[in-house]
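Produce the entire structure from the sequences given, and follow the hints as far as they go.
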Amino acid sequence: MLEKLKAQFGDAIESAEEAGRELRVQVAPRSLVQVARAAKDEGFAYLADITAMDTNDALRVVYRLISFATGRHLVASALAPRAGGRLPSLTAVFRGAEWPEREVYDMFGVRFDGHPDMRRILLTDDWEGHPLLKTWQTK
Amino acid sequence: MGIAVPPDVKRPDSPESEDSLTPLGRTAEVICRVPGGTILMTTVDKVLNWGRASSLWYLTYGLACCAIEMMCTAASRWDLDRFGLIYRGTPRQSDLMFVAGTVSKKMAPVLRRLYDQMADPKYVIAMGGCACEGGPFHDSYFTVQGVDQIVPVDVYIAGCPPRPEALIDGILKLQEKINRESVRGKK
Amino acid sequence: MGNQYAYVAVFTLVGVVFLIVALTAAWVLRPRRPSKAKYMPYECGIVPEGDAWNQLNPRYYIFALLYLLFDVEAAYLYPWAIRVGKLGAYAVVEMFIFLAVLAFGLGYAWREGGLKWE
Amino acid sequence: MTQRLTPTETMVLNMGPQHPSTHGVLRLQLTLDGEVVLDCMPVIGYLHRGIEKIGEARTYPQILPYTDRLDYLSSASNNLAYVQAVEKLMGVEAPERAKYLRVILLELNRIASHLMFVATFANDLAATTVFLYGLREREPIMDLFEMWTGARLTQSGLRVGGLARDIPEGFVDKAREYCTFLPPRLDEYDRLLSGNRIFRVRTEGIGILPPEEAVDYGCSGPTLRGSGVRYDIRRDEPYEVYDQLEFDVVTTSTCDCMGRYAVRMQEMRQSLRIIQQCLDRLPEGEVIAKVPRTIRPPAGEAYGRVESPRGDFGCWVVSDGGPQPARVRFRTPSFYHVAALPRMLRGWKIGDVVAILGSVDVVLGEVDR
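Chains as they are written, first to last, in the numbering used here: chain D, 1 to 139; chain G, 140 to 326; chain L, 327 to 444; chain E, 445 to 813.
Any given hint might turn out to be false.
[To be verified] Lysine-lysine pairs mimicking DSBU-like chemistry, simulated, CA-CA at most 35 Å apart:
(1) E/K497 / D/K40
(2) L/K362 / G/K185
(3) E/K793 / L/K364
(4) D/K134 / E/K734
(5) D/K6 / D/K40
(6) E/K532 / D/K4
(7) E/K734 / E/K618
(8) L/K442 / E/K793
(9) D/K134 / D/K6
(10) L/K364 / G/K185
(11) D/K134 / E/K497
(12) L/K364 / G/K316
Hints in this document: simulated from the structure, not taken from any laboratory.
Okay, here's the thing in structure tokens:
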């Protein structure tokens, strides 16, 4: 599976490794949607989770796709700048991507282009700041 | 750690209107001066308080884990009906509010609005650590540290979640508190 | 014959007195704490937006009419059912004519599609 | 739809945070045309407590009690997902006895959670007696939890590397007795509910969720299996000792509320079967592996995944070598089920909204985190 992705996307796949059940892939943000579509055709039809992590120098947005048939997890992660990051939205590929993307925006501030309803989902609408960033301190 | 209570939530100690005495409350002052009047008043107090204490209809206000324990207490093993507590869906028909669970800042104005929409006389039981003072979420950025910042609370029940027996103990304490009330203003 | 109406008089008197006593007792005893928030419409704790005075599908109106019609018809049946023993055969025929007229009305509403829900 | 003679205006109604049948503080903004739901916009966040932010400010053992408060109807599955992730990070393996006991605790939680589902689902459809029956049958399980872990609801019965405490005397007999006590009751409630004409009319054919859309929305657990997709993490990604146990994955292909209800009723019987097998094969020995005093897993990340009563509950833990995790993320099934609600509610009537929401069985603690 990883070889197929590397062949198809070449330099867009910055790093790829296989650890047991998980295929960890680092993807360039520009070709996220194509990689997701290819993975979905490859059998990874179940989008388990979209989440993110603040690694102090960048925001790492992590997508976890699971294939029911083979039981393997494709963990694709893309890097976004800490402030004002923009990533393409996967709602065109997975209908279930709408809400987790809204939560990542709510908690980290990464906006997703092409998202039908880019609003905060958990916090009140007039909330400033994104709590899960390392720099955000509880008052 | 003062947290900004959402703007449209009034402080609990500023009642909307000053005259909290009922018409009978005001006339009660006069009646008490007549010899034997106080006996009449205390019997009226007793009857009123008995009526209020033994038919506390509570508003189902399940927020988190405490709501499940509230349901178990209301169900057949601990049975709240014995104490005259029936769960009502709307604040209009309820005179006791169980705050069972964590109150988030998004929920604070809703909670205050529901409290305002309840008919007087109304009471509040803060159930569980989260409602009493934030509980395990004392350093959360989105939790109101104690529901008494929003509504005046009558009884606090500790526990996370409190056992059904603790809940019933809290209700009995509230009933004692109601029985001490008097028409001539809260003693 | 006179005392039969006495029953009615006593009955209404007790009804009225009970009503007055209950309401004044409630008015006297209940605490009055009016507040703007208390009189806001209750919508699960949220400030309702828009209003409910809007145009609904006419089928609700037709069903309401039909219900009212047959509800009143049932109301007439009760006194008839009590006295039908003493009134004899002509009352039975009378009532069935009444029912037939209403059944005809129902048939007309059915044919005109009044009962179609979708 | 029939040709519209007179234009009708729509109305926005809030089935709001405080509502007996939203099972917690979920607010549905329903756009109504008369009685028919045109669209629904769920609003969540009313129970958001920032558990993931708190997770970054606590040590590893301290996070365990917070996982109980996510899906507070089955705290063992939350604990296990978190503990699995930390054990993968540290390369620790629970002893054999602890694995069997964990499965017993998980399946007891599943039965308790499904009984609460039957109780509230029936209560929503006006069968209050089944509400009382369901909670009464749930109380013996609460006693078992209390006997074993000391708490009824938020047990925190697990630890990294095993269990907090071994089962006390008399637990095995009480558990066996419960395994024989429950099945006839379940048949009785099944006849009471699915035999009841009103219940069938209100649930059959209502709230259709086709299989491919269920997968596309990220649904899992009984909601997914109610739409005919045979996927169960206990079978497809076995953990603890599920690969050595015989049980069948229950699915129905009706994709409606009745299907989801029937799946859960059957699953309770399968859980009883699993518990009996585990009780028969319970090995002797320790219940906790050798774990250092302060848990400091090596830098890295791990994903623990469990079949909770609501579906695929995952926990992603990223460690930077310190005593506190760098990131704790909980993938909760109800979050995706509430996201799929608008798709299931469109076109149905207000009365059906209650039935559909009840059949999806969401817990707001895990939706808002």
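When you check the alpha-carbon spacing of L/K362 and G/K185, does it fall within 35 Å? 31 Å, holds
Next pair to validate is D/K134 with D/K6; report whether the Cα-Cα distance is within 35 Å. 33 Å, holds
Hinted pair D/K6 and D/K40, Cα distance within 35 Å: 16 Å, holds
Between the alpha carbons of L/K442 and E/K793, is the straight-line distance 35 Å or under? Holds, because 16 Å separates the two Cα atoms, which is no more than 35 Å.
Pairwise hint evaluation, G/K185 against L/K364, where the allowed Cα distance is 35 Å at most: 28 Å, holds
Agreement of D/K134 and E/K497 with the hint, judged by alpha carbon distance not exceeding 35 Å: 9 Å, holds
Taking only the CA atoms, is the gap from E/K497 to D/K40 under or equal to 35 Å? Cα-Cα ~32 Å, so holds.
Is it true that the CA of E/K793 sits at most 35 Å from the CA of L/K364? Cα-Cα ~30 Å, so holds.
If you draw a straight line from the CA of E/K532 to the CA of D/K4, is it 35 Å or shorter? 28 Å, holds
Satisfaction of hint between E/K734 and D/K134, Cα-Cα up to 35 Å: 33 Å, holds
35 Å Cα cutoff - pair L/K364, G/K316: 25 Å, holds
Starting from E/K734, check that the Cα of E/K618 is at most 35 Å away, please. Roughly 30 Å separates the two Cα atoms, so the pair holds.
Consistency with the previously given hints is maintained throughout, with no hint failing.
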